[in-house]
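Q: Residue strings, one per chain:
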Amino acid sequence: MIPFLLSATALAAGLHAGVPVRGVPGLGEPDFLSPELGWSAPVLSADGQPRGVVRVFVGKAELDAQLWLRDAILGVQVPLVPVLGLGDQALGSSSVVAVRDGNVSFFVVLHEGSAREVGLTLLNAIVDQPAAWPAAPTVQQQGDLWMVEAPGAAHLDAVGGRRPLGEAYGFSRLPEQVIAWDSTGRASVWTP
Amino acid sequence: MTLLLLALACDPATSKPDPSDDTGTTPTDGGGVGDGGGDDGGTETLDGGTETVPPPVPSLAAVGGSLVLDPLRGLPGVWSAEVADWSEGLTVDLVLRDGVGDSLVVLAEDLPVGAEARVEYEWDLRDGDGVALPVGSYSLEWTLSDPAGEPIDLLDAPFQVVRTGVLTGVWGGSGSVDDVRVPLLWHRASGASSTWDDGAEESAFQLDAILTGEGADELPTQVPAVWESLRTPPTGWTDTNLPQGYAYDSRPTLRLSLGNSLGEAASLPWEARIDGWEVVAGSVAEGTISFRKTEALAERLGVVEGELSLVLSVEGEDVSTQALPYRVYALMGPATFSSSSAPHLAWVEAIDGALRGMAEAEATDEAVLDALIEWIFLDLGLRYDTRSGASYYMSYSGWSSGRFSFSSFLDRTNGSTINCSDCSGIAGVYANMLGVPLDYAIILSNFQLNEIEAIGVGSFTSCPFGPTSCGFSYHAVTTNDDGESIWDATLALDGDKDPGSEPSTRLFVQDIDGEEYLDRLVRSGSASYYYADSRVRIR
Numbered sequence: 000m001i002p003f004l005l006s007a008t009a010l011a012a013g014l015h016a017g018v019p020v021r022g023v024p025g026l027g028e029p030d031f032l033s034p035e036l037g038w039s040a041p042v043l044s045a046d047g048q049p050r051g052v053v054r055v056f057v058g059k060a061e062l063d064a065q066l067w068l069r070d071a072i073l074g075v076q077v078p079l080v081p082v083l084g085l086g087d088q089a090l091g092s093s094s095v096v097a098v099r100d101g102n103v104s105f106f107v108v109l110h111e112g113s114a115r116e117v118g119l120t121l122l123n124a125i126v127d128q129p130a131a132w133p134a135a136p137t138v139q140q141q142g143d144l145w146m147v148e149a150p151g152a153a154h155l156d157a158v159g160g161r162r163p164l165g166e167a168y169g170f171s172r173l174p175e176q177v178i179a180w181d182s183t184g185r186a187s188v189w190t191p
Numbered sequence: 000m001t002l003l004l005l006a007l008a009c010d011p012a013t014s015k016p017d018p019s020d021d022t023g024t025t026p027t028d029g030g031g032v033g034d035g036g037g038d039d040g041g042t043e044t045l046d047g048g049t050e051t052v053p054p055p056v057p058s059l060a061a062v063g064g065s066l067v068l069d070p071l072r073g074l075p076g077v078w079s080a081e082v083a084d085w086s087e088g089l090t091v092d093l094v095l096r097d098g099v100g101d102s103l104v105v106l107a108e109d110l111p112v113g114a115e116a117r118v119e120y121e122w123d124l125r126d127g128d129g130v131a132l133p134v135g136s137y138s139l140e141w142t143l144s145d146p147a148g149e150p151i152d153l154l155d156a157p158f159q160v161v162r163t164g165v166l167t168g169v170w171g172g173s174g175s176v177d178d179v180r181v182p183l184l185w186h187r188a189s190g191a192s193s194t195w196d197d198g199a200e201e202s203a204f205q206l207d208a209i210l211t212g213e214g215a216d217e218l219p220t221q222v223p224a225v226w227e228s229l230r231t232p233p234t235g236w237t238d239t240n241l242p243q244g245y246a247y248d249s250r251p252t253l254r255l256s257l258g259n260s261l262g263e264a265a266s267l268p269w270e271a272r273i274d275g276w277e278v279v280a281g282s283v284a285e286g287t288i289s290f291r292k293t294e295a296l297a298e299r300l301g302v303v304e305g306e307l308s309l310v311l312s313v314e315g316e317d318v319s320t321q322a323l324p325y326r327v328y329a330l331m332g333p334a335t336f337s338s339s340s341a342p343h344l345a346w347v348e349a350i351d352g353a354l355r356g357m358a359e360a361e362a363t364d365e366a367v368l369d370a371l372i373e374w375i376f377l378d379l380g381l382r383y384d385t386r387s388g389a390s391y392y393m394s395y396s397g398w399s400s401g402r403f404s405f406s407s408f409l410d411r412t413n414g415s416t417i418n419c420s421d422c423s424g425i426a427g428v429y430a431n432m433l434g435v436p437l438d439y440a441i442i443l444s445n446f447q448l449n450e451i452e453a454i455g456v457g458s459f460t461s462c463p464f465g466p467t468s469c470g471f472s473y474h475a476v477t478t479n480d481d482g483e484s485i486w487d488a489t490l491a492l493d494g495d496k497d498p499g500s501e502p503s504t505r506l507f508v509q510d511i512d513g514e515e516y517l518d519r520l521v522r523s524g525s526a527s528y529y530y531a532d533s534r535v536r537i538r
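Chains as they are written, first to last, in numbering that gives the first Met the number 0: chain W, 0 to 191; chain C, 0 to 538.
Isolated chain W (complex conformation) (with noise of 0.2 Å):
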């Protein structure tokens, strides 16, 4: 395994909220992968094309970030050397880094431009309000249909299950999962 190297950084050790899914300069629309592995967006230029993307995690606890950061950098076919100055934790070359501070780690690959400069920004744009971690949503029977509440979620998804056609909030078949996902990309999961 890939040794990290631990960096001092400016911003405060510990438990993160996140990183805004909307709002952070240069990003586009989030893709939210799945509670393991967190949320993706694409890097942009300033003519709006793709150079790029992120993928961000936050996790309850800082040894989910670490364990996330060790399997974010598996899909990068040659090697990386620690970087400085970048988080709790950081690694790169010129197109890539990963990075971890407190709970959170992120992962920036670039076709195009320094992955070093965006991986500046999302440290920046890491929020440590609101601290608790969202609740999870609710699924409760309405007549034929179960009905899913999140209020406030900025994501919803849920994997199995059937929605008549239609039919927005209501499944005939129960899912496997309902995932709700904060402002600040946080998951919280409603299993039956």
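Note that these hints are calculated values from the structure, not bench results.
All C-beta atoms, glycine included, are put in the ideal place defined by N, C-alpha and C.
It cannot be assumed that every hint is accurate.
[As the list claims (entries may be wrong)] From chain W, some residues computed to sit far from chain C (all C-beta separations above 10 Å):
hint: 1; residue: 24
hint: 2; residue: 60
hint: 3; residue: 122
hint: 4; residue: 126
hint: 5; residue: 128
hint: 6; residue: 131
hint: 7; residue: 133
hint: 8; residue: 134
hint: 9; residue: 140
[Unchecked claim] Taking beta-carbon pairs under 8 Å as the criterion, some of the chain W residues facing chain C (in silico):
hint: 10; residue: 30
hint: 11; residue: 39
hint: 12; residue: 41
hint: 13; residue: 51
hint: 14; residue: 70
hint: 15; residue: 73
hint: 16; residue: 78
hint: 17; residue: 110
hint: 18; residue: 147
hint: 19; residue: 157
hint: 20; residue: 161
Take the given structure of chain W and dock chain C to it, following the hints.
A: Same frame as chain W, now just chain C:
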């Protein structure tokens, strides 16, 4: 409408009306042609005199025509009358009567009966305001008149007016082993999930009624064109006709429910047909009919689309025709991911693109994978990441748990630059959606390369990241037998006898023996297959 209504030569139901009918005409009322008064010729009598023999009186020998008519989905009604003992100057009048004999309208007057002794009349069953005849029993009364305008014969041609049409259509469900419907998924849904799938059980279409409007605005409801969006599902049944997924060698079942309004015509011997299909259950009278294709859907994978033509008929006469647009994706079978739940199903946008884009292949796993690799390598506009060889769409939770962001990939949200993990994900996702099982394998680790042509690069090199970086820390490929056979869309190998040096000959990695693959790929270092039974997951 393509329904052809044939005029009946002679309808046994055609009847001579009661002479006391309110038209007051009888065939032999004494006022007709030939009732004396002219030199009509004659025959000699026994006493040597001459007896005048009256010429035969013309009459309606036969009146025939349409028995059952659907003015909205059928051809116009066509009736004809044949006149016996024709003479010059005959005319006919046509009166429409309702089921109890009351006159509704005079449709035609003084139609001349030509020398062919036959008159044909065509009517679209609409009045002057364009209003179609309502459902019911009617008759067309033919009155033959002499040159003086005096009625000499009269016949009725009864007929029925109906409304026909389908309300719902459902593919599959016969339970037969060769009727394998495949669930399809749309990946840009809204609400509680970003995907919506038909569960291989949803209707293709559901119409509220067979008609819309009233009076002159009455129109037959059409089965909508096939739903166009490949990514967004409909939000309701209005204008919805979902495409279907099927194993290519299936004989699909199509169950139609009818919303017919037939009146007294309901008791007639109705039949329904679709060319190339057979009725396997139900009937027009029952209101539900199941058809089954008589032959396999296709000989190989592809998109089968067009319009079925549902014809309803009575006693061999076509009454109505309705177009049923359809699109069926002919696949190897249901998706072959480890999970059978959404989103691990056949995505409409993916299979539509692959089936239309790939070269036509034999319906074998290996042939489909071969075509898929070439399509990905040559046609998708992808380019290998020569900066770091990093993944833009694949994420791992450990090597054996790769998840591919397929919806992002379809949109190229992160661009068209990819690496080997992405390519193994792309090949794996498409293959498993087409119903061809395909795993990925990881080749570890840190080995130097022979000559390769990376996807989108267009030239061979052994140092894809520049002159000082001539190896992979890992490489991802795909296999369907734990690494014995390899497919790889990331790169083409040097296929000549010396894969380590130029010149190089492009060799697509299509069903290449696993050992040969490593021999051609690896210049030096240790390289072995790991995790070779890992199947990609998607979101």
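Q: Identify every previously stated hint that the structure contradicts and give their numbers, smallest first.
A: When the structure is compared with the hints, none of them turns out to be violated.
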